[in-house]
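Chain residues, written in single-letter form:
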Amino acid sequence: MKSRKRRYCLVSLAALVLGLPGAALAQGNSAQRFPEMNFVMGGMGAFNYTAALQGPFEHNFGAKLAPIVLWNMSSDFLFEGHFEFELEDGETQTHLEYAQIDYQGLKNIQVVAGKFLVPFGVFGQRLHPVWINRLPSMPLLYVDAEEVGAMGHLLPVISDIGVMLQAAAPLGSDWDLDLSVYVTQGPRAATGSAEASRSPAGSPLGRVALDLVSPGGVDIPNVAFGTNFEENNKDKMVGGRLGFVGASGLEFHVSGMHAAYDAEDQLAFNGLDVAAWWDHGPYRVRGEGAVLWQQFDTPGGVQTLRSPGYYLQVSRRIGKFEPVLRWSHLLDREVEGTSVMPRVRQISEGIDYWFHPSVVSKIAIEENLDGPDRLLVQWGFGF
Amino acid sequence: MRYNAKDRRPLGISRAAASLVGLILTLALASPAAAQSAAQSATQVARGAQLYARSCNRCHDVRSPMERTDREWATIIGHMRARANLTQADAEAILAFMQSTNLPEGGGSGASVGLTDPPRGGSASRVAAQEARRLEAMRRRSPGQLAEALPLEWAVLRYLASVSETGPVPPGGG
Chain A
1 MKSRKRRYCL
11 VSLAALVLGL
21 PGAALAQGNS
31 AQRFPEMNFV
41 MGGMGAFNYT
51 AALQGPFEHN
61 FGAKLAPIVL
71 WNMSSDFLFE
81 GHFEFELEDG
91 ETQTHLEYAQ
101 IDYQGLKNIQ
111 VVAGKFLVPF
121 GVFGQRLHPV
131 WINRLPSMPL
141 LYVDAEEVGA
151 MGHLLPVISD
161 IGVMLQAAAP
171 LGSDWDLDLS
181 VYVTQGPRAA
191 TGSAEASRSP
201 AGSPLGRVAL
211 DLVSPGGVDI
221 PNVAFGTNFE
231 ENNKDKMVGG
241 RLGFVGASGL
251 EFHVSGMHAA
261 YDAEDQLAFN
271 GLDVAAWWDH
281 GPYRVRGEGA
291 VLWQQFDTPG
301 GVQTLRSPGY
311 YLQVSRRIGK
321 FEPVLRWSHL
331 LDREVEGTSV
341 MPRVRQISEG
351 IDYWFHPSVV
361 SKIAIEENLD
371 GPDRLLVQWG
381 FGF
Chain B
1 MRYNAKDRRP
11 LGISRAAASL
21 VGLILTLALA
31 SPAAAQSAAQ
41 SATQVARGAQ
51 LYARSCNRCH
61 DVRSPMERTD
71 REWATIIGHM
81 RARANLTQAD
91 AEAILAFMQS
101 TNLPEGGGSG
111 ASVGLTDPPR
121 GGSASRVAAQ
131 EARRLEAMRR
141 RSPGQLAEAL
151 PLEWAVLRYL
161 ASVSETGPVP
171 PGGG
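One line per chain: the protein sequences are A and B, in this order.
Heads up: the first sequence is residues 1 to 383, going by the working numbering.
Heads up: the second sequence is residues 1 to 174, going by the working numbering.
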């Protein structure tokens, strides 16, 4: 029975990847196949300065270059690649954020295959680039390459290998449906200290947990995404995001994911995320909350680490200036009702100056209510 | 009837009315097939203008159509279709708008043809400079004002200008 189910899943997956583009091409647009190829380069760059405002004076500079290459193989097929080069600890770190092929020959559906930004939540897939993010840092829910040592983040900007189906359709005249479903390699337990602190590519993208210990004294494994180039188990991560996008500027998204991360496919890693946006004139309001559940083995049986958090951000455009205020809050992380990591709260107050729609200078004060405050300066450039 | 100053319409409405008259005249003078194609393209461009103001602005400030060539926009809109999960029709409408409002020669890189640095010399350059001022004014508006202002006041006028000079722009052509 299980074998038949697995066979059915594999056939469905193959049909998804091969069947849809093949069927569309067979429908008579063969004359337009590969009519003209086009190569476009874009991307982003950033300069960062961070200084501690309390305790011993520490400050450092950082720089990042993240080129994006787009290769339009026809009007139906697009290749996208996004690399990151970053100066860190005296070395140039490299990271492949995505390398994907998009099939766009259908009216309402797109098929994406390769390494792509996983649509869990909205910030990670759509808002994290430096020239789009309104503050120099990410909300506490997320972690970025610059945020090594950030306090208590919950999620990486997940980039993983697999297949994704995206569907969009109008719902009446005022709302659009935004649906994504995906199957990817999924997370794995990051066992070694090097792997626990950063992915093999050198970027901390992919790390989820910190060094936590259960009430019974058991180390809770870190979980890494996007590092499963050689799968460590049979289980894949499955998930999706359902969104409703309104013409009025309102939008809502709900995301969920499920995976097993251990070699025996026994320990689950699940997530639920709810995001809401509101654009009203010069105001932009962004909010997102997530809960992660991670099972782990103890001598007394399987226990679950529960990690919730959220952020709320408001900005207002005044000419070329844009003041921004963000409240981030990671609630206590608990195992069976017992806290294993206390809450982390942060208020970020910043102001942006927009030289151009994609060139911005940002300065922000990060008030960490449970740790030292920081000054952040960033120049971001999208090209 | 005596002229009453209170009856004066705002400039934007006058332009919209002029656009509609121009559209009707253009359609009447052209062949039925060309007229139908022009009407469809004008509708697509107007819809693209609304989507440009609404969809692109959700995540980031709108980019000037003059930053890239028409051909480059065709590829970039594909990238944005994947990122923002747009339907094919929406992506094509935004592309039609970007291409119809680009410079006649097809634009250039943002580094050489910026919003505040239009090319100089010649009547085409004057048109480009005019467009650059319009774009700059557009960029200063809030997303809500942009969505209301773009369709008739700017996009259709620009499209009609291109129709009168070169004939209807084929969908997706650049």
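Hints are computed from structural coordinates only; laboratory data are not their basis.
Glycine included, each C-beta is placed from N, C-alpha and C at the ideal position.
Fair warning: there could be bad hints in the mix.
One-sided excerpt, in silico: chain B residues whose CB lies under 7 Å from chain A [as the list claims (entries may be wrong)]: (1) P65; (2) T69; (3) Q88.
Reference listing, derived: stretches of chain B covered by chain A, where coverage requires no fewer than 3 residues with Cβ under 8 Å from a Cβ of chain A [claimed, not checked]: (4) 55-63; (5) 71-84.
Derived coverage of chain A by chain B (criterion: at least 3 residues anywhere in the stretch with Cβ under 8 Å from a Cβ of chain B; other residues may be distant) [said to hold, decoys possible]: (6) 54-64; (7) 108-119; (8) 163-175; (9) 214-222; (10) 354-367.
Against the structure, the hints:
1. P65: violated (12 Å)
2. T69: violated (9 Å)
3. Q88: holds (5 Å)
4. 55-63: Result for this restraint: holds, n = 7.
5. 71-84: Since 11 is at least three, the answer is holds.
6. 54-64: Violated - the region 54-64 of chain A has 0 residues with a Cβ nearer than 8 Å to chain B, which falls short of three.
7. 108-119: holds (count 3)
8. 163-175: holds (count 5)
9. 214-222: violated (count 0)
10. 354-367: Coverage by chain B holds here, the residue count being 4 at a Cβ distance below 8 Å.
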